[in-house]
Every structure is written in structure tokens, then in C-alpha cells.
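Residue strings, one per chain:
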Amino acid sequence: MRRALFVALTLLAGSAWSADITVPDYERVELDNGTVLLLSEKHDVPLVGMRAIIRGGSAADPVDRAGLANLLANVIQKGAGERTAAEFAEAAAGVGGAISASSDLEAISVSAEFLSRDVELMIELVADMLMRPTLSKEEFEKERDRSIALIQAAKGSDPSRLMPAYANAFIFGNHAYGNPSGGSEASLAELTHEDIQQYYEDFFGGDRLIVAVVGDFDLEAMKAALTSVFGGWAAAAEKSPVLAPPALIAAPRVLLVDKPGATQTYFWIGNVGVAVDYPRRAELDLANTVFGGRFTSMLMTALRVESGLTYGARSVAERFSETGTVTIRSFTETSTTIEAIDLAINVLDRLHIRGLNNELIASARNYIMGQFPPTLETASSLARMLAFLEQHGQDRSYIDEYGAALAAATPVTISNTIAEAYPTVDDLVFVLIGDAEVLREDVAKYGPVTEISIIAPRFRPQPAE
Amino acid sequence: MSLFSELRRRNVFKVALLYAVASWLLVWLVNHMIDGVGLSAWVGDYALLLIVIGFPVALIFAWVYEITPSGIKKGIDVDQTQSIVYKTGQKLNAAVAVLAVLGVAAVIGEQLLPEFVRPVPVPIEEIRLKPVFDFSAKAEVPREITSFQLPNGLKIIVWPDHDIPNVALYYFVRAGSRNEYPGITGIAHFFEHMMFNGTKSRGQGEFDRTMEAAGGANNARTSNDTTVYMDWFPRSALETVFELEGDRLANLAIDPDVVETERGAVYSERRLRVDNDNDGRLFEQMMATAYVAHPYQSPVIGWPSDIKNWTQQDLEAFYKTYYAPNNITLVFAGDVTPEEIYLLADQYLSPIPRQHPPPEITTVEPEQQGERRFVIETDAQSPLLHVAFHAAATDDPETLQMDLLLAILAEGNSSRLHRALVEEAPVALSVGGMQTDGFDPGLVYFYMTLPPDGDLGDAEARLLLELQRVVENGVSAAELQKARNLRIASFWRGLQTINGKASSLGSFEVFTGDYENLFMIPERLTAIEPGDLQAVAAQVFRTENMTVGTLRPPAEGAAE
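In order, the protein sequence lines correspond to chains A and B. For the first sequence, position 114 (counting from the first letter as 1) is numbered 114 according to this note's numbering, and the numbering increases by one without interruption. If you want this note's numbering, it's the position in the second sequence, counting the first as 1, plus 1000.
If we strip away everything but chain A, and leave its shape as in the complex, we get (with noise of 0.2 Å):
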């Protein structure tokens, strides 16, 4: 009783939130030429974080050329400017400063952290980065070489990194979602210099940037300057590729992919989720929370503490522009992946049924609550945030609105949502990757299986790539 008191006392102390989740101040500037900037002061410490966004990603990737996005992103630093690869890299590592830029599905995006005292430079690297990279035919051959060579590194020590690659391409067929951000063997082997040339022409341009900057400097100054930078770039070539919704492709199905001798199996299990826009955001990741978005989620209840048969189980609701994923990502010994995959099914088809009563939502929003505030606790965490609002059209209403959309979630809403964002136990994509010699026979329960080899050079089963 005593027990029931204290866990009702804590649920009732960490509900009564009066401080919501906010963003902090910002100003946000719009210049002529579509760039926009996003400011916001920080002195804590002597850091400023910065990240630009180019629009476009490796969902903007040409047929057969996966790869092509995160590839210009490796090779736009590698000389820009009037600095040679080495040369940039020593400019920013001489001062303690961080540069990397890479791309996801739907940007290429540039972080940069600096020492205050040298935020003239990082400016000036950025912006040589974007708006003047050498693209040097040397340089590119070697990022793609080296690209292809850590992706078989992988196969070898790390699979379980080649995940996103594999589930993405099953889940989204043909689709630009499909595309593998890093490529494939095959894929960058089959790019050239002029198609990291042509894509700097096609998808570069001051129209699609975003450029977010936090940390200790005056704002005034630091918008006359990024104005003053940034604000001539002349729009791209191409008009931004539109992203058509996906086709729904029939599940359940299985790709099996053959990892011979392998003693673990990595699996995730899902289908297609839910936009950035997604109304009922909160109520989702209050549902995700409990269903494996903590150490004390359903799945890890199940799949760790209970049977012990993995170290790790999630459930990840990734969101992009026009659709999502929901998947169930975990681990286990190859001979208990039937036994971990069946359990994770069961705890999924738990989940729809039972939904979430009041005090697991009243736990969750706790956790949410109050595992927020340190996310936007740096100047880059901070830039970031601000990029990826602006990137998805939102204002600071999709933070500030927040707190009150957790606390108006219902269990029907909930429900509701449940319905509507996770797949049913019967409509489920499993991707896996192990040893198909003893999985291929039992993981034929689940669905259609699809075979293909780690060593097959691409990670869609199909030809096109």
C-alpha cells in the first residue's frame, strides 16, 4: 500500500508541470534570395554551433546513383575554396573547431562547433564549403573508394549499422525512401565525377538553404554577416524534387539476408509509419514510450529483463516529409531468434489490443517531460532543432505546443493513434540479417521470404538501385 502511495505520489509530483517544454528565443530572417537564417544568442560558454541545410538529400539521388548526396556532402570539404583538402581540414582542427556534413534521405546538412573567438572562420569554411567546393576529381574518387570499402568493413564487424540501408530499401520498394543514404557497392561504383559535378549544379543554391547558428555572439552582427554571405547565392539549377507518397507494397513479407556463420541475428520488424506533420505526434511518442522507447518499455520488459534473450529491444518511429517508418529493432543469439521475433509479435499485438491506461500515460509523459530539456541543451542540439523545423515547414508552435499535447492525450486517442501509426501483427515487414542456413526454413511462418547474400553488392533485392 505504502508502495502503491509512493509510486502515486511520484506519478502526481512529476505531473504537476507548470514550466512547458518552449524553444528558447530566436530570430528567424528570410533574405531575398529564399535563404533562411535562424539566430539565436547563448553565452553559457564560449561556443558557437552552426548547421546548414541543403534541401534535396538522397531521396533526390537519380535512379541507380544511391550514394550520389552523401558523397558531394564527404566531398565538398575536401578542398573549397582557396584551400586544398588538407589544407581545410588543418584550418579548422588549427583553431579546435569541428566541421562534417552528410546527407539523409530528404538534406544534406553541414554541422559546425566553434570556439566563439573563431566564428569568423567557421563562417568562412561553411560557406566555402557550399557555395565554392573544389570538387576535385582525385578527391572524389578517393571518398567513393573509401565509401565503398567501409561499407564491406561493415558487413565483416558491424551488420547491425547496415540495417537502416536493408529495412528502408524492403519497406519503400523503388520509392526515393528506398534509396540507401551511404549507397551501395554497386551504386557508387557506378558514379562518376561529372554526377557529383551535375548534382552541385541541379540541387545547390541559395533557394534551398537553411543556415541556423546558436552560441556566444551578438545577433545583430552575426545576421549582417551571414546576410552578407550568404545572402547573393544564386538559386540552383533544378527545382527541388517532389516527393510523391509511397505505394503501398503488400506485406507481410521477409528479407532474409544471408550472413553465413553468423551467431547473432539482427531483425527489425515494421512497415510504413507517419510523417513529421503527424497531428497526433504526441499521443505516438507517448504510445512509442511505452511500447519500447525506454529501458522499461514493453519490449525490453519482454525481450531483456523476462527471457533474457537480448541485450537490447526498441521500437523507433522515424519521421520524414511525406511518410515514416515504425520498427521494432533488436538482437539475439541465432538460435533464439524465432522464440525473440514471436515474442516481440506478441508484446505488438498487446500493444493494440490494450493500449495504454492512465498511469502508463501519465509515466510517459513524465519521461518525455522531463528527458527533453537536455536535448536542447547545447548550441549545435539547439541549431539543429531550428534547421529541422524549418526544413519541415513547422514553426516554434510544433515544440511550444507540445507539453499541452501530451497532457491532453487520452487513452482513446491513443488508441486511435495506435491504429493508425503501427502496423498490425498481420501486415508486418521483417528485415533480418544471419545465418540463413538455420533461419531459412523457420522464418518462412512470417511471409514471402526474399533471400539475398551480405556480399550481394546492393541492398535492394531488385536490379534497379
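In case anyone wonders, no lab produced these hints; they're calculated from the structure. Since the structure is predicted, the reported quantities are computational estimates derived from the model, not experimental observations. Any given hint could turn out to be false.
Reference listing, derived: stretches of chain B covered by chain A, where coverage requires no fewer than 3 residues with Cβ under 8 Å from a Cβ of chain A [to be verified]:
| # | region |
| --- | --- |
| 1 | 1207-1214 |
| 2 | 1277-1290 |
| 3 | 1416-1426 |
| 4 | 1448-1458 |
| 5 | 1496-1505 |
Cβ coordinates follow ideal geometry from the N, Cα and C atoms, glycine included.
Got chain A; can you put chain B on it based on the hints?
Then chain B, alone, in the frame of chain A:
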């Protein structure tokens, strides 16, 4: 006389006109100063207010007073036959005329000349984006940090930070694989698991459920030297956390059934991190080979046979000795005050009884007498090369110097090793270097992943050549400055979050004996010279001090 003519006689109209023209000019000037030179806008409003207030005052003044040869006097006091209002009137006319001309000139000039507006933004080189932060200030120990020790020996450090309504708690138990011996290896790490598995009053899983329901999250990690427990929670959960932590530190249940299940989880972790991970596997063998005497030789997760054979007695003894308040340091960073932490600590942690201090580790790894090497042949698409050298302990002064040297050698794309081994000659896919942290002397450790057709012998030779270059020729002042800047940046990054604050403060307290040493880092960095790095390189990078481990697919006759 009519009022009108009297007004005229006393020059009230002329004063009014003069006042109006002068006011116009003043307002024009102020506006241009606001736009052009950045004068604060409130000056304009203030001026306007004064002008408006001043107008009736000026008129009244003009009515009442007149200028006489002997100064300004009240009109009624002036002999009207001596009055010079007429002359004053002429002077006023002249003044109005002058100001009017100025006004006209200003208006015409404004049209003819280029607009006097704020300057157009200039190229980036000419903009000085001064940081608001004062870099010249020494990193001083923040005054708000407080520390105290309970009578049972528990040490607590509190760093208040009210930026977000959250708290980060790190506590360091001085128990690691260093405190183990053959038969009980892996036991310290095992307690990292057991601490979440129930107490005498709480069932398995209740700790996590309670904490997460209150908005908190947690984790733990074990190293060779310490087991660190981390809680991240909103302020509102503070007392809940104290209750939970006090409970598991005093009343952990070591239930035999739970122990068996958890052994399985540890096996699963071993499989994930070591058996199925080529880097993890090679690392475990490297430690076991580089160290022949000191307990750092055994893996933190433990050898499989030891994991299988811990007894109930082993477990209970270990918990009693090591999870004692005299062996633990707590660090709080976040939205708390030292006073409230003290009160809660007194309530929930003071009752935990002190224990005898754990036995000291007296084994000193004897100096390595000759190069050691081994080869693991296994299924591997990418060959791996690890090279390690015996070096200093965390608290030794050479460690910071080696830290800088490692930044020059291995940090980032501009580092010497990356350039030589990845960029200039595609010998490796990636190369890294680090040094192990610890109470006792650790290792400087280089690791490389090669492409599938990579030549391990060549990679090793090139790595050693780069190390030898430092020994012979040292490093340049520019490289040293870069390394300093990288460390300074990392110093500040570590203090960006309450998590980083708790972690950094705690590590320094535990490994150097005083958390204040954290804030000495920037100063110490400035004092290091290129010669220091060359000296430490000569001391450490010797073949007889070296252990080399490679992992590759089995050789099949033809060159692989």
C-alpha cells in the same frame, strides 16, 4: 494696446518662429544621427518631448522678459523709454533667417547627396564578430561548486546550474576489474547489472520503473577502475532519486535466481561486444598480452569461465566491501542547491554504515622487457591492427602531454596518421589513437582498420615510422597550438551540459584527488612546450615497450 500688438511688441511671435525653426533643425539632426550613426531611438523621443514642453515656456519667457543692455530683466522692470525690444526683434529676425536658410540647405542637400543611411554590410573579413565571452579570463573554479563529506565517508560534490530544470547525478564506486583476480574477473561489471535488479524492499525492475515514471533515465558503466552510475532526471524527481539510490546502496538483494538470469545477460553482452566484434576481440587479447602481472590484463566483462563460476559468497563479499559509502563519490550538477542536497543526503545516505576500506592494489606491472606480438586468424573482411605502448596513469603530468601528442598524431582528418595512412597512401580505412584512463599506468593505444586487401606489415611499418618521426624531430609550434586548441574546445564542450559537468567534475575528483584540477587544464596546456611532447614520445614509443596484435582472415598461401 491689443493683445496681438503686445505679443508682437514683446517679440513673442518672433521667439515662437525662431523656436519652431530651431526645433525643426534639431529634430532633423537627431533623426539623421539615429539612422546614420546608430544613436538610440529614445533620444529622438526625448528631444521631441523637451521641445514640446519647452515651447510654452519659451513663449512665456518671451512675454515676461526682455533683453536690456544690462542683461535680461522682467519687462515690467524695464523703463519703456529705454527698451531695446526693437533691436532684439531684429536680432530674432536675423536668427530665424539664418536657421531658415540652414533648414532649406539641409532639405535640398538631402535630396542631392546620397542618402545617409546605415552602411551596407561589408565582406566577412572586415566584420569583427566579437565573442561576448571573455577569453582572456582564466578558467576559475566556479564559486558555486560545493563539496562535503558525510560522517560515513561518502563524498558529495554539488554544482548548481539553473539553466534547465534538470539534474545530472554521477556517482563513482571505486570498483573495477582492477580490483579482481582470477576466479572473480567480471564481478565488478556484474554488479553494474545487479544494482538494477532489486533490493530487499523493491522487486526486480522497480528501480527503473519508478525512476522512469518520475521522468528520469539512468545508465551505468564499468571500467578497469570504477563503476559509474548515472541518473538524469527533472528536479521534481530529486527526492525520489535519493530514496532509490539510498535503497540500492544499502539494501541490494543478491537473489540467486536473479543472479542466474543475469549471468545469461552478461554472456549475451560478451557475445555482442567481444565474440562477434573483431575490434572487441582483438582489444581483449591486447590487454591480456600487454599486461602480464597487473589486473588490467583481465577484461572488464570477465573471462567466460569466471562469469560461470562466481559464488554467492563472492558476490556478497564484493558488494559489502566496495559498495560502501567510504568508497563512493557523488556528483550533482543541475537545478539544485547545496543545502537541499545536504539535507537529502543526511536523510537517505548517512544511515549507510561505513566499511573497512578495500584492499589496496599493490601490483605494479614490471617494465616490459621485449616486444610482444600475436595474430588472430578468423573470418574478417577487414584486417585489423592494434599497437600499444605502456605509458602513465591519469594523474601523472605526462598524461596531458601525451594527450596533446595524440591529438597531433591521430585526431581528425588533419592529423599526421590520418594524412599518412588514409589520405596520402590508402593503407588504412581509418586510424585512431588514445590512451587508457586509470589509477595505475595505462597504455597508449593505436588502432587501424585496413581495406580487405590491406597489407598489415606495411601498415605497421608506416605507423612506427610516424611515431619515430616524432621521437627524432618532435612537433612544430603550430601543431602544438592546434592540439591546445582542440583540448580547449573539448574542455568547453564538456561543460556545455549538466551531464558533462557532472562527468568531468567527478572524473577529476576520482582520478586526480581534487575536482578543482579540472579548471587548471587551460593553464596547464599553455605551459606545455614542443620539447615536452618529444620527450614523452621518446619515453613511450620504444619497440621493447610495444605490443602488436593483428586480426586477419586465415592466410591461404597466396598473399592476402
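Failing hints, ascending?
Going through the list in order, the structure violates no hint and respects every one.
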